[in-house]
Amino acid sequence: MSLNGWVLIALVFLAVLVVARPIGIYAARVLNGERTPLTPVLGPIETGLYCLAGVDPAREQTWRAYTLAMLVFSAAGFLLLYAILRLQAFLPLNPQGFGGVAPDLAFNTSLSFVTNTNWQAYGGETTMSHFVQMAGLTLHNFLSAATGIALAAAVTRAFARSGSGTLGNFWADLTRVTLYVLLPLSLIVALMFVTLGVPQTLVGAIDATTLEGAKQTLSIGPVASQEAIKMLGTNGGGFFNANSAHPFENPDAWANLLQIWAMLVVSAALPFMFGEMVGNERQGHTLLWAMGLLLIAGVGIVYWAETRGNPLLTALGVDPASGNMEGKEVRFGQAMTAMFVAVTTGLSCGAVNAMHNSLTPLGGLVPLFLIQLGEILPGGVGSGLYGILVMAILTVFIAGLMVGRTPEYLGKKIEAREMKLAMLAVLILPLAILGFTAVAAVLPSALASLANAGPRGLTELLYAYSSAAGNNGSAFAGLNANTPWFNTTLGIAMLLGRFAYVVPVMAIAGSLAAKTKVAPSTGTFPTTGPLFIGLLVGVIVILGGLQYFPALALGPIVEHFLMLDGKSF
Amino acid sequence: MFTHIRPAVVTLLLFTVLIGIIYPLAVTGVAQLALPKQANGSMIERDGKVLGSALIGQNFVTDKYFHGRPSATSAPDPKDDTKTIDAPYNAANSSGSNLGPISKKLLERVKGDADALKGESGLATVPADSVTTSASGLDPHISPAFAKAQAGRIAKARNLPEDRVRGLIAELTEHVAFGLVGEERVNVLLLNLALDRLTST
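Protein chains in written order, with our numbering: chain A, 318 to 886; chain B, 19 to 219.
Chain B extracted, bound-state conformation (with noise of 0.2 angstroms):
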């Protein structure tokens, strides 16, 4: 057994050298220099700030912006940090809901996220990924049905023809590529940039 020991301790220490130190950095390095947005996580600036990333979802709340996905994320607590509240679209901590499908919890909240929808849209069925939250509570997408279900609530908001806000999803709605890869989507961040855009010109 002691034999064995000098190999295991060198090997182990040379490779946390070549393979725990060096090989991340020399991907970091090249990744930096080649390829300087996606290494810096896809990020969108307006005016110099920094607004998000392209490829992660945010919290929109008020009436003229389209919503994302419910989204299952939480923070502690800041009165008791052994306790989490909700925290939509944290992105320092991804997360799902967990629920399974015949959870009591999942089928309460679809309810009152349905309902919500259906009374602003007139739709009697709404969208699946309107009311489940996502993986990681992160996604940046959400389905083109789901973004036109809140064309009436944006067009009001922004006093826009609702025509418009249509042609705006429309135009931004990525394609499966060759008609097999990724879904039909919308990403909210971009939608919403571009409806601000549409608004002051």
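Bound-form chain A, shown alone (with noise of 0.2 angstroms):
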């Protein structure tokens, strides 16, 4: 570790809540419905979809009407994308001749970028067209963010209103959102991207001839386009297999700061989209300080064992001054290499700069806790908004049975009705993840997937259900997923870590809604400030580590110790 790469991180966080706070407020009055800078040029698009599609924007919905909407809405994604990715050799922009993607890969693919977790158990520029990396993976990159901070605002509504039967109009949150906020800041980002050397072409692949005479061919498209929403959407998605470790998705040391700081932006633009339609702007900044002071954390473990090398490769005369370099690339650092991979699983974005399956035990646990601890750090576009809030109820709950009062947030009486909604949101993660670890780790054919024997065997499959049902993304790569046992396991773990999760918070927030606000009074129990931001991490980490301390001190725990004491596998 080096003080130079402290400051860096230092300066991309301070980077990032400059700019989270304006997009933050914008983003409230976008989903209020009011005029902004952007109307006169948007606004009659917004009209004529919401004509075609016989929307009325001002009609409100209940908590199951809107919740409805979104389901059937998914479904019809889920449904098209399917059927373009097993049409894709009858569709046009197809230079590389790529024939239809198989049944059970198509269903994951599909449900994997439907639910925001872009999970790739495919090759990019092995697999997929330039028609399908667009019309069907771009697209779904941003309609998956906006579903998400669409059902963030009708959550954030429940707390806003007083006595009231609905949460919004969810055709009008997902439109406002998309036209006005995703794609304005994709269209700048996209651009910066192509300045710093980020290919966009509709080229398929280009041959080279080496200096020694050999044959190079060099896979290309429109790659900064689809690179710009997958950062800011938090979807993770990449053109290439390599992901954001590929060069021409992330080119070089600048690039990989903006990379960082896109990912970033959004979700923690939200917390104060959160304050400001609660109209208590502190509320929104304390979510922020939980989540900022656990993913630092989070960032200072990986930066930690990362630079300290592997004494296994020290042994064999490696020098271990620039840390461990294995499944890392030369120009971002190892400092900007940790904070990518701590950012994008404390998200749930799951892009990689560097591949998580080379990690150091202890660098490869951050990720991994990070993502089992419900991704709320600050959580995906809209989701980890949801999520920190599930957390909040908790925490006054938890708060309100130490000193023997009626927990409230914001103004809100947590009931029974609401926490028994709460835990059943909560227990689906683990129930999926370490469900499915546990009948995976006995099957022969799902461990004759593992690419690493030993402890880490074990971490690879609890990583790609963490990664699944957290609709992260990112992979202990190496285990090879593309089987029918993982496509469609790890396809329903995406599916309950989306929908089974999100269903019971929309409940939550009808009945929060419904309810009328209570005034604060002297026995209100604060939910700003420094108490409750330590109560709220004391939770979220509590909560995290009494579902999968078990688990995680037989892979990556065990394996640290192995390590010290010099055993391979």
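To be clear, the hints were calculated from the coordinates, so they are not data collected in a lab.
Values in this document were obtained by computation on a predicted structure and should not be read as measured data.
Think of the CB as a built atom: it goes at the ideal place given N, C-alpha and C, for glycine as much as any other residue.
Just to be clear, a hint being listed does not mean it is correct.
To be verified - Per the computed footprint, the stretches of chain A lying under chain B, defined by three or more beta-carbons under 8 angstroms from a beta-carbon of chain B, are:
#1 561-572
#2 638-649
#3 671-677
Combine both chains into one complex, guided by the hints.
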């Protein structure tokens, strides 16, 4: 670790915060249907879209109607994407002549992109045509992100309103977020990426003859336009197999900074949006503090573990000065690789600029544990905000038990119904992660897919199901996940992680929206300030630890001690 | 539920056109007009022939050129396409080794590469990037230390004083911007091109 590395980490966080606040406030105005500077350009498109779709944006929906609209939209998106993948061979813009995608892989990939997971059981440059990358994958990068923000807005309204039967209109929220927030940001970031060297062309591949006379075929395509929303929408599905480690996706250290910034900025904007919409900015700041503290701790542990290098390689005469370099690129440096690793999993992004499977045991433990905490640091766009709100509800409940008062959050009484639903939501992730991992760990056909022997093999399985259920999409790659077993079970885990989680959360929102706001009294437990931040961080870490520590002990933790002991597998 | 089907289908199709087709094509248009070099992959040409991309590493194997880092990329086996064969720097199929830190395969590979470089350069310890595979398998850069470790071999193969080769490495070393951003590094393809120019003049 170096001081310069830490200074750069601090500067990137600062650059995110400076821009996140105005974006959050702007997003709140967009979701309220207010006029914005972009309305003269985009307003006619928005109205035209409502007109053709038969949507009245002013007509509000109950939590049931809002959730059902979201589910129907996601199902339609899944079916269209599945069809596009299967029919790839007959569709245009396929310069490399790729055939249709196999049914199990198409099933997995469609679910993956509709749920904002962007798990890739395929290599982009060897499987997907430009048409699929654009009209299939880029599209869902936008829509799954916009869906997440819409849901977060609906949940926020539950706290902002008093005695309301409705939570907003899903179609209006989805359309407005896509047009006014994600599209303009993506256009700017895409062109910045091109300036830094990310290609944007419709050509499929270029043949080169090296100085030694050998042939090299370079896959290329419309990379920058997808890269922008891949990061801004915390999607993480790369154009290429190596994702953000590929020099065409992430050409240099500056592009890498832009990637980290873009991946954080919208998620970090949402707590500001929350504060703006509930009319109390400090509530948003408190959530962001809790997220930020845990994320910085994660960055620090990865940075420390990776710069210490691998003692087994040092013993072979490898200079440990530049740290563990297996699975890393020279141009980014250890500090910005560590920051990327922690941020991509603290968020539900899942883009990678280093191969997580080659991280040191403790360096690899951090991204795994951050995913298992539910990706609320600051989480995927939208899903992170409603995830941390569930944690905040749990925290006021536990604090209420300790002091013997009815728990309240933002003037809403938290009662038995909300707590039951919150527990239901919280239990979905461990059930999907640990349940599927346990089955896979005794299934010979699943074990045949492992790339590493010993404890890392178990970690590969645990990481895959954590990543799928957490809708992250990064991998301890090397696990051959393109098999019917993994494509199917990981697909189901993604489905549970997104929808089985959000339906109870929306039910909580419906129930809270209907309650009248209680004015704060001297007995009200304050939900801003250091005490609440400390409690919230404590609940997140203890809950995550209780659920996952036993499994982590058998994977990365035992591997760490084996490494110190000089054992290999 | 049926009331949601029309908005779902119409919204999806209209966004497919606007975001799935118009947005990427608009970015392509602007990029091709304003930044054609970057938009087309930062290709390097010599005498009208494409030599490669300044961003993508290549597999150099002869003594007279600098070598890049080990690469874990593969390609389908021409004899049996259900299997793969090693194909370093295959820019049509990026990938890392995905070997964990206590993997026997990793240790064997590193030992072989480290012993070879020690023998060639006379160094007791080798730079980490010289024996580890990159995440993409296409890393275009090496550390200045790895380049210097190869200087003796290049000087001998090209019949040049070693100082000239070391001077060239120093000249082409890219530095950490503002002391913060990036790493000290040398682009292997640009270095080899400069080496060819040095020998031909």
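Do the hints match the structure? See the list:
Counting residues of the segment 561-572 of chain A whose C-beta sits closer than 8 angstroms to any C-beta of chain B gives 8, which meets the bar of three, so the coverage hint holds. Given as covered by chain B, the segment 638-649 of chain A passes the check, having 12 residues with a CB less than 8 angstroms from a CB of that chain where 3 are the minimum. Coverage of the segment 671-677 of chain A by chain B holds in this model, with 6 residues showing a Cβ closer than 8 angstroms to a Cβ of that chain against a need of three.
The structure is consistent with each of the numbered hints, conforming to all of them.
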